[in-house]
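A.B. asks: Take a look at the letters that make up each chain.
Protein chains: 2
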Amino acid sequence: MKLPASTEWVLHCATTLAQLDPGATASAKQLAEYYDLPGPYLAKQLQALVRAGVLAATTGPRGGFRLARPASEITLLQLVEAVDGGASPYECREIRQQGRGALPPEDCRDTCILARKMDEAHEAWRQHLASTTLAGIIAELPPTAPARTRSRIAPSTGR
Amino acid sequence: MKLPASTEWVLHCATTLAQLDPGATASAKQLAEYYDLPGPYLAKQLQALVRAGVLAATTGPRGGFRLARPASEITLLQLVEAVDGGASPYECREIRQQGRGALPPEDCRDTCILARKMDEAHEAWRQHLASTTLAGIIAELPPTAPARTRSRIAPSTGR
Chain A
90 MKLPASTEWV LHCATTLAQL DPGATASAKQ LAEYYDLPGP YLAKQLQALV
140 RAGVLAATTG PRGGFRLARP ASEITLLQLV EAVDGGASPY ECREIRQQGR
190 GALPPEDCRD TCILARKMDE AHEAWRQHLA STTLAGIIAE LPPTAPARTR
240 SRIAPSTGR
Chain B
90 MKLPASTEWV LHCATTLAQL DPGATASAKQ LAEYYDLPGP YLAKQLQALV
140 RAGVLAATTG PRGGFRLARP ASEITLLQLV EAVDGGASPY ECREIRQQGR
190 GALPPEDCRD TCILARKMDE AHEAWRQHLA STTLAGIIAE LPPTAPARTR
240 SRIAPSTGR
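Protein chains in written order, with my numbering: chain A, 90 to 248; chain B, 90 to 248.
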């Protein structure tokens, strides 16, 4: 059970964007240099965040990405599911309905109790991430972090 | 983020073993026929449960598998982690320490706040599965299930 490596990228990049001045943007190239990540692949992940409604992309020579909503309304769950989808890691293939022990269909109208417990655990995971916002993350960084982030990000040179 | 298909197999096979008469065993072949699963691969997964201390294997012509502990002391977490390991699905590669924005090592003595939140979510998932025992699963099955399971499992013919 593994999340893609890009999960770490989008969590950090969104946290970085949350520290920029209001209205400021950062391009995929700026963010890739900030974290030494492969630019084209990072750009794809950032586009996935745009499709998920978490980031907004602006065009033009100084275009780039910014948060599409206040940091208090963006959760870690939204970021993670934007790159990995929302499916439960447990896949029930209904083996209870096959082989010598096969249960008849009328006994399988309800979700298998094992699948239900696995889905409940996934929901506990989701709830924890849904209760953590980017604003909450920023609040736990050193007070000097946002100014440092803004000074370190490379000047915009377009995407 | 996907658990292996064998997760469903071991959850169901352990639930089946929990319904046998005290002291009774079932071989990998019997369990494979019961659920129409590939026998040799299932046997590997059952051996992983033995290594995890969840099942005991007996040898001899009527040998097979049985629970190593009471069903009330076997949790879904033990079964899942026996086949998939216990690692968090989120891997922190410390990208905060690389690129133009690299934080100095002295600022990275604590776990990254993002990795910490991801690990907390994984712990919430683990806790949910750790609180669910095989005995609890059996208690939610129809009262007729154990007798049906025992009557449907193929007579032992050795492993």
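Incorrect hints may have been included.
Because identical chains cannot be distinguished in the list, a pair is counted as satisfied if it fits within a single copy or across any two copies.
[Stated by the list, open to error] EDC-like cross-link-like pairs, simulated, lysine to aspartate or glutamate; straight-line CA separation at most 20 Å:
id	residue 1	residue 2
1	Lys91	Glu183
2	Lys118	Asp196
3	Lys133	Glu209
4	Lys91	Asp110
5	Lys91	Glu195
6	Lys133	Asp196
7	Lys91	Asp199
8	Lys133	Asp208
9	Lys91	Glu212
10	Lys133	Glu212
11	Lys91	Glu170
12	Lys118	Glu209
Rather than coming from a laboratory, the hints here were simulated on the basis of the structure.
A.B. asks: None of the hints should be skipped; say for each whether it holds.
C.D. replies: Results of checking the hints against the structure:
no.: 1; hint: Lys91 to Glu183; verdict: between (23 Å within a copy, 17 Å between copies)
no.: 2; hint: Lys118 to Asp196; verdict: neither (56 Å within a copy, 25 Å between copies)
no.: 3; hint: Lys133 to Glu209; verdict: neither (31 Å within a copy, 28 Å between copies)
no.: 4; hint: Lys91 to Asp110; verdict: neither (34 Å within a copy, 38 Å between copies)
no.: 5; hint: Lys91 to Glu195; verdict: neither (36 Å within a copy, 29 Å between copies)
no.: 6; hint: Lys133 to Asp196; verdict: neither (45 Å within a copy, 30 Å between copies)
no.: 7; hint: Lys91 to Asp199; verdict: neither (29 Å within a copy, 23 Å between copies)
no.: 8; hint: Lys133 to Asp208; verdict: neither (29 Å within a copy, 26 Å between copies)
no.: 9; hint: Lys91 to Glu212; verdict: both (17 Å within a copy, 15 Å between copies)
no.: 10; hint: Lys133 to Glu212; verdict: neither (27 Å within a copy, 30 Å between copies)
no.: 11; hint: Lys91 to Glu170; verdict: both (13 Å within a copy, 13 Å between copies)
no.: 12; hint: Lys118 to Glu209; verdict: neither (40 Å within a copy, 31 Å between copies)
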